[in-house]
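A.B. asks: Protein chains in written order, with UniProt numbering: chain A, 1 to 258; chain B, 1 to 304.
Keep in mind the hints are simulated off the structure, nothing from the lab. Please note that a few of the clues may not be correct.
Label pairs and their calculated CB-CB ranges [stated by the list, open to error]:
no., chain 1, residue 1, chain 2, residue 2, range
1, A, L207, B, F112, 57 to 67 Å
2, B, R226, A, K155, 39 to 49 Å
3, A, G88, B, R294, 48 to 58 Å
4, A, D135, B, R135, 36 to 46 Å
5, A, E176, B, G128, 58 to 68 Å
6, B, Q170, A, E176, 26 to 36 Å
7, A, V40, B, R226, 23 to 33 Å
8, A, D139, B, V282, 51 to 61 Å
Just so you know, even glycine gets a beta-carbon here, dropped at the ideal spot from N, CA and C.
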Amino acid sequence: MSPSPSSDADPDAGTDAPVDPTGPDTVLELDGVDSGYGDVQVLDDLTLHLDASEIVCLIGPNGAGKSTVLKTVFGLLQPWSGAIRYRGDDIGGMAPEDVVRNGIGYVPQTDNVFGSLTVEENLRMGGVARDDDLDPVIDRLYERFPVVDEKRDAKARTLSGGQRQVLAFARALVMEPGVLLIDEPSAGLAPNTAADVFDDVREVNALDTAILMVEQNATEGLAISDRGYVLDQGTVRFTDDADALLDDDQVSRLYLGG
Amino acid sequence: MPVLEYLANGLVFSSIIVLASIGLSLVYSIADFANFAHGDTMTVGAYAALATFGVVGGLGVSVLGLPLGFFVALAVGVVTAAVVAAATHKLVYESLDTDSIGLLITSIGVAFVYRALVQIRFGSDFTGFGIQVLRPIEALVPYGVRVTQHDVAIVVSAALLVGGLHLLLQHTDLGRKMRATADNPDLARVSGIRTARVKLWTWLIGAGLAGAGGVFLGLYNQLSPRMGFNILLVVFAAVILGGIGSVYGAMLGGFLIGMINQLTPLLSDVGIPIGIEYANAVAFVIMVAVLLVRPNGIAGEAAT
């Protein structure tokens with residue numbers, strides 16, 4: 001199998017941006033997005049998409065701009081140019097509190113729970129944008145994640161790393177988002193805890209939430225994903241089905257440390 | 001030894017410091033800067049109450065030696081302090097593109113402006129509400145405690161306000177959002193909290209409590225344009241002792257600093273030659289001693 005920067009172009013074309021075909025199922029789409037911090041550009045003409053009920057994994061070296069993609073989608077960073085569309089509507093530059101109300105959830109990599117609040121309060125904060133009664137939703141989340149159920153009245157800062165990660169998911173899921181952005185779910189977790197968290201990601205996805213995930217642990221991340229994008233220097237280098245990327249010699253050599 | 005008397009006075013003075021400390025800590029927790037205009041916000045509240053009291057002073061029956069009109073004036077003082085501080089937040093602090101040090105320096109300028117405006121309107125002399133000074137409560141005199149009904153009014157009002165704030169923080173949606181925003185502003189926005197609104201409410205509540213503290217300080221002592229600024233250092237000491245940014249720490253710190261301040265005469269009583277003019281110095285020394293052991297204050301957490 002030769003590396004395939006795009007499905008229909010010469011593999012040796014190199015720097016050409018891979019073709020990224022969107023379809024009627026596309027829920028989230030970034031189209032030629034530039035973005036960065038202050039004057040420092042991180043994303044360079046980045047194009048990718050997420051279809052309904054998919055898990056898509058962003059991999060790539062440190063500083064490739066993986067987390068920046070999520071922050072830009074979520075309005076924590078302003079796109080400098082290009083378009084970000086959710087179900088066809090432009091959400092580029094929208095404030096995070098409004099992005100949530102459009103049906104997108106976000107689990108940051110660090111500081112992703114309110115440490116001084118109880119588990120229950122964390123979940124309530126996850127639902128501030130809902131107008132209806134939060135109790136049924138929160139009860140369902142307690143059922144699905146017994147780990148947090150046992151700790152309802154504990155301050156979130158007292159939770160273990162794995163429990164914290166589960167709470168961070170649960171907080172984002174109170175809104176029952178159509179798309180969930182997850183930044184490095186396995187970061188800082190022991191291998192078996194990380195495996196549990198990946199199981200949770202798959203389970204959330206099975207309930208019809210499309211997931212765009214950044215993962216440092218590329219092999220594990222791709223293993224549970226439908227498709228993957230390899231980012232380098234703020235732009236997409238390769239994209240393919242997750243299995244194909246895992247089998248790809250060039251991707252393996254350059255990005256999977258294989 | 002009139003220890004009970006000192007403790008009673010300490011309780012009254014602490015009540016005022018606690019009200020001021022909570023406001024300072026609330027604003028610090030959410031706006032992320034040490035607001036040097038906080039003392040003068042107290043002054044604004046006190047003078048707004050003074051002006052109102054001039055109009056409605058005689059109103060109604062007397063509660064705890066205070067005419068009902070005083071409580072109307074108190075409410076006006078609280079609301080004025082809250083609105084003035086919230087307007088300053090919107091017009092000055094929010095429109096500045098600067099860091100917490102820049103905001104701190106700006107707030108010193110804001111403090112001068114508040115004080116100058118008060119002085120232009122009311123003059124720089126000491127003044128008072130003109131409520132008749134009461135005799136100590138007879139029933140307590142045999143125990144060596146001379147406190148007036150006004151002192152009781154101050155302590156009870158402060159306790160009600162602090163209790164009300166606790167209920168707000170722990171059991172209302174706004175209170176949870178305030179704690180969440182103070183804890184992690186980015187995650188608050190990501191969760192859908194409209195943090196700009198929460199910030200505005202925090203300013204209103206924090207400055208309103210400062211206004212109440214200012215009114216009570218004016219009742220306890222006298223009013224002057226420098227009254228709030230003069231007490232600001234003590235309030236800062238209380239907030240830092242409790243753990244800056246922590247509301248409950250500010251309550252505790254305010255209580256301790258106020259108590260220590262009023263217990264200073266005890267030193268001369270037991271033969272240590274430190275006069276009451278060193279009351280604040282003693283409080284600061286104890287603050288420094290506590291910080292040596294707990295650098296983030298009593299209720300402070302390790303810096304994150």
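A.B. asks: Compare the structure with each hint and give your call.
C.D. replies: Against the structure, the hints:
1. Between A:L207 and B:F112, the C-beta spacing of about 58 Å keeps the proposed range 57 to 67 Å intact.
2. For the hinted restraint 39 to 49 Å between B:R226 and A:K155, the CB-CB distance of approximately 42 Å keeps it satisfied.
3. At about 55 Å, the beta-carbon gap between A:G88 and B:R294 stays in the expected band of 48 to 58 Å.
4. The hinted window of 36 to 46 Å between A:D135 and B:R135 is violated, with their beta carbons roughly 56 Å apart.
5. Our hint of 58 to 68 Å for A:E176 and B:G128 holds, since their Cβ atoms are close to 60 Å apart.
6. Our hint of 26 to 36 Å for B:Q170 and A:E176 holds, since their Cβ atoms are close to 27 Å apart.
7. For A:V40 and B:R226, the Cβ-Cβ distance of about 47 Å falls outside the hinted range of 23 to 33 Å, so the restraint is violated.
8. A beta carbon spacing of about 54 Å between A:D139 and B:V282 agrees with the range 51 to 61 Å that was offered as a hint.
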